[in-house]
Amino acid sequence: MTKRITAETLRLLLVLLLFVLSFFLKAQPGPSWRSVGAAGFSSGNADYTAIAVSRTDSTVYVAFKDVANGNKVTVMQCTGGAWSVLGSAGINAGAADHIAIATYNNKPIVAFKDYSYGGRLSIMRWSGSVWSYEGTAD
Numbered sequence: 174m175t176k177r178i179t180a181e182t183l184r185l186l187l188v189l190l191l192f193v194l195s196f197f198l199k200a201q202p203g204p205s206w207r208s209v210g211a212a213g214f215s216s217g218n219a220d221y222t223a224i225a226v227s228r229t230d231s232t233v234y235v236a237f238k239d240v241a242n243g244n245k246v247t248v249m250q251c252t253g254g255a256w257s258v259l260g261s262a263g264i265n266a267g268a269a270d271h272i273a274i275a276t277y278n279n280k281p282i283v284a285f286k287d288y289s290y291g292g293r294l295s296i297m298r299w300s301g302s303v304w305s306y307e308g309t310a311d
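So the sequence shown is numbered by my numbering: it starts at 174 and just counts up by one.
Since the hints were made in silico from the structure, they are not lab data. Heads up, the beta-carbon is just placed ideally off N, CA and C, and yes, glycines get one too. Heads up, a few of these hints could be off.
[Claimed, not checked] Simulated restraints on C-beta separations:
| # | residue 1 | residue 2 | range |
| --- | --- | --- | --- |
| 1 | T309 | R228 | 22 to 30 Å |
| 2 | T252 | G213 | 15 to 23 Å |
| 3 | S302 | H271 | 25 to 33 Å |
When you get a sec, could you build the whole thing from the sequences and use the hints?
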């Protein structure tokens, strides 16, 4: 099964790759670091972590391999100093790793190695209410 990637999906991937940041949940508003939300906010072990910040409203998003949810991708957001799951935990069908996240039109997009598709690249986009795959699978 092969996945076809549209020009729009390639543009989204490029945006995603350009805005991927290293994972550490601290902000430096001045001479000292401060926490962004509470530490240890995932439900269990988190691997392949990635972070993105919305350019318009400064919402912080984190995506990670959620060991407590079948090694699937979980995305969380920090608003008002509190972390919450965006949608539901484990947004994809199977295990995932090598996760990247960015925002596009003020909504997060996640790219990852998707083992439910033979370890191929998948991209999912948040619509504002649900996560959905970008592109089509053969």
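For each hint, the structure was consulted:
For the hinted restraint 22 to 30 Å between T309 and R228, the CB-CB distance of approximately 29 Å keeps it satisfied. Taking 15 to 23 Å as the suggested C-beta distance range, the pair T252 and G213 conforms, at roughly 18 Å. Between S302 and H271 the CB atoms are about 27 Å apart, so this pair conforms to the stated range of 25 to 33 Å.
Checked against the numbered hints given earlier, the structure satisfies every one of them.
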